[in-house]
Structures are given as C-alpha cells and as structure tokens.
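Asker: Once you have looked at the hints, place chain B on chain A.
Just so you know, the protein sequences line up as chains A and B, in that order. In this text, residue positions in the first sequence follow numbering that gives the first Met the number 0: the first is 0, and each later residue adds one. In this text, residue positions in the second sequence follow numbering that gives the first Met the number 0: the first is 0, and each later residue adds one.
Read the hints as simulated data drawn from the structure, not as lab findings. Any given hint could be a false lead.
[Unchecked claim] Pairs of lysine-lysine, DSSO-like flavour, derived with a Cα cap of 30 Å:
| id | chain 1 | residue 1 | chain 2 | residue 2 |
| --- | --- | --- | --- | --- |
| 1 | B | Lys129 | B | Lys86 |
| 2 | A | Lys35 | B | Lys86 |
| 3 | B | Lys42 | A | Lys35 |
| 4 | B | Lys42 | B | Lys160 |
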Amino acid sequence: MPQQLNYLKETASQTAGPYVHIGLIPAMAGFDIFEKNFSNVLVTPNTRGERITLEGRVLDGGGSPLRDVLLEIWQANAAGRYNHPADRSAGALDADFRGWGRGGSDFESGLVTFETIKPGAIIDRAGRKCAPYVDIWIVARGINIGLNTRLYFSDEEAANATDPVLNLVEPPVRRKTLIAARSEREGKVAYSFTINLQGPDETVFFDI
Amino acid sequence: MNVQAPALREPRLNRPEPFTPGDGGFFQRDRTIHPPAYAPGYKSSVLRSPRQALLSLENSVSEITGPVFGHNDLGPLDNDLIRNYAKDGDPVGERIIVHGRVLDESGRGVPNTLVEFWQANAGGRYRHRKDTYLAPVDPNFGGCGRAMTDDTGYYYFRTVKPGPYPWRNFVNSWRPAHIHFSVFGSGFAQRLITQMYFEGDPLIPVCPILTTIPDKDALERLVAPLDLNASTPLDSLAYRFDIVLRGSRSTYFENRTAGN
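Chain A on its own, in the form it takes in the complex (with noise of 0.2 Å):
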C-alpha cells in the first residue's frame, strides 16, 4: 500500500436557487440592509478607461429569458492588468477599479446590465496577445454549478482573430456565440450579448 495523498475533496457546488437575490443583491429582493452593497457598476469618476455598458440576456432551451438569474464579471482594467497580487504584468495598476461586478436580470425583460470599462489585452503565460475580455460567471435556479463563459468585443476583429482561446473553439462558427455586437446609441457605447444555455446557438461553456 503507498502512502496516502490526502487531498481534501473540494465542497460540492449546489444551485443558487430562485432567490439568489437575497444574499448577494439584497436590494433586488426588496429590502435593504448592508451599509455596502456590491452591484453592476464597476466604474468610478476617477476609473481610467473607455466606459461601456454590456447589456444581455440568458435564454434557456426553450428561448424564454431567465428572470431570476446572476452574473458576475471580472476583468482587467484599461491597462490590461487585474487588480489582484497574482497579476505582476506590466500595466498600471488602477486604484479606482476592482475590476468585479454582480447583477441580476430584471424580473420582467431578463436584461442584465453592467456599467464598466473596456479591458486593455492581456498577455498570457506564453507570452501571447489575448484579445480583450470579460470574464463571466452566472447562477440561477436550475443550474447546479455556476458556468463560465468569456465575453470578446465585435469591434476587435483583428485581436478576435489571433486570440489563443477563441482559436480553441470547434467548430469555428461557434466563437460568434462569445462576441458582443457593439453599437453607439446618444454617445454612449453598449455591447450586447445574448448567452443560450442550449440549443443551435448554445454558448461556449470553460471548463477553467
């Protein structure tokens, strides 16, 4: 018999349920009860960076919006560096940006939105150019353990074209399902994107 590794296992994931609301944006159950609250705005005055709006939905595989679901984003800031010690890339840090945003679908239309910054390119272990990204997260009711996703910029064909993870994606048709169109409505600039949990359109899901 050789020894043991004793690992722990890690704790196994359960569904964050219809009223994820509650503990994470309290105010959307109805009430109100932290001093602070986290929310869907990432940005600041002083954060640097062009500001974006991204604005989507999540369908199921019947088409119908989710209603009651969360997403949480995570990026880098302008200069393409995230703001946490792990990250000792060259670009400036930003005091003015955590860089991480939750918020839920409205109850009626499903739309979630987030208030931020375009993410400058990050360079990869191997030393490439990843095109700009968002990281997403999302839970809700019916989904047993949350899902990652990536979220590119339409505008960034070029990068789009050359980044190592987009490149992963088989087949190829199915790297349209991480590109939010971006459009320009009263100067401001949006990305919208919708994510499919199934069906022909279904997004690229990481297993990161």
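Answerer: Same frame as chain A, now just chain B:
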C-alpha cells in the same frame, strides 16, 4: 497531512513578491463530486443545462486572479443575522451559531476571503418579493449576511435556524432546512455557491436538489454537524461547516508562509 514538501526550485525563489495562492493554477475541478448540469429530478435543470461539452481551458491570469475584498466592504453587523435587520426585537426561531473554516484541497486555510450567506426565516419563508409561501415574514429578520475569513480561514456568524419549505418540483417536494453560501477564494476559478444542511434532517435524503450530487460522500460533506463544544450556554446551539475550495499548485516555502 501526508504532503511531502517539494524540492526548492531557485527560479521561483527569485519571483517578485507577493507570492499568492493560485499562482501555478488550480487543481483540476473534480466534476464527479459536483452535480451534473442536467439532473431531471430537479426539473428546473432540464431547460437550463448546457448540452455541449465544456471547453477545457488551462488556467490563465484571469482565472488565478479574482476580486479582492477588504473589511471596508462589510458593516459591523453583517455577520449577525439576529441583529442586522432587527426592528423591535429578536427574530423568532432557534438561535444558532454557524462556524467553520474555508480550506483549500491541500488543507490550508483560505485567509481574508469573502463568505456570503442567505436563508429563509424560522418558518421557511424568504424575505423576497417573489416568495409567496404561506409562512409569515418575520419583521425582525432579513435573512442574509456576510463575513471575511481571518488569517486562518475561520469564519462565523449567528442567526436563527431556517425552516424547511415546500416548492414546485414534484407536487410534494420539500427543501430540507438549509443556508446558502457564496465563497470567493483567491482566484475566480475557485468561485463557489453551495448550501449547508443540518445534521439529522429527515428531508435530506429525499430532496431533489441535494440528491443531484452523485457522490454520497460529497453530499454528506454538505451536512453540518451539531457542535456542542462551540455552543454558547443558555444562548445558542452551534453547527460546524467547513468549506473546501480548489487547491492550487503554488509551492509551499518555509521562509514564505504569508498568503500561502
């Protein structure tokens, strides 16, 4: 623990500070202990489960990093659900303490990480505009809180024991009493939402959500035992709930224990 310390490797010693967990990427997630996305006994999963294979991705900087929270993000009563929404008295129900450690798969405490929790009141009703269960809303109970782990990964909060409640799955489906937990860890790839159950609850083996977990041991690890040693005499019972996040391939050095 039986983990052998790896041999020192000079190049890593020359890396700039600070050295943090997750630097070398996280252990691969063992999906056999997590519920599958498609679990038809839990009907909501039928239309909400991806059907394509997940694309495996080596951890990059965006997975080994994650949001950093500070004590400024929390209020002084955030971990006291008995008082953080009290208007004219304490909430109804059994007073309990829930405590434990957030660990990684190598058995190391995960320090200074945010733990959030939410639950129904003692009657099984959530303070949520969408919850219409017959049980009354408790005017003195909000049902949510949050805490930061200390340097050793320890957290605690006090609350009242939540009640079980019926839900629309099978006609006669009831949730065991449970508390939802959201935990961050040090990297975005450690992000976890789970639920804690209470030792001895007869609804545990028949719950369609709990039994989505295929591994019996993994299921039992979600059940918190009564911890009489940590109970406060003449005040509160205690339950112990340790949470394990993914391990990391960071290398332990005797001369650099901080954050590792």
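Asker: Output the indices of the hints that this structure fails to meet, ascending.
Answerer: Structure breaks hint 3 only.
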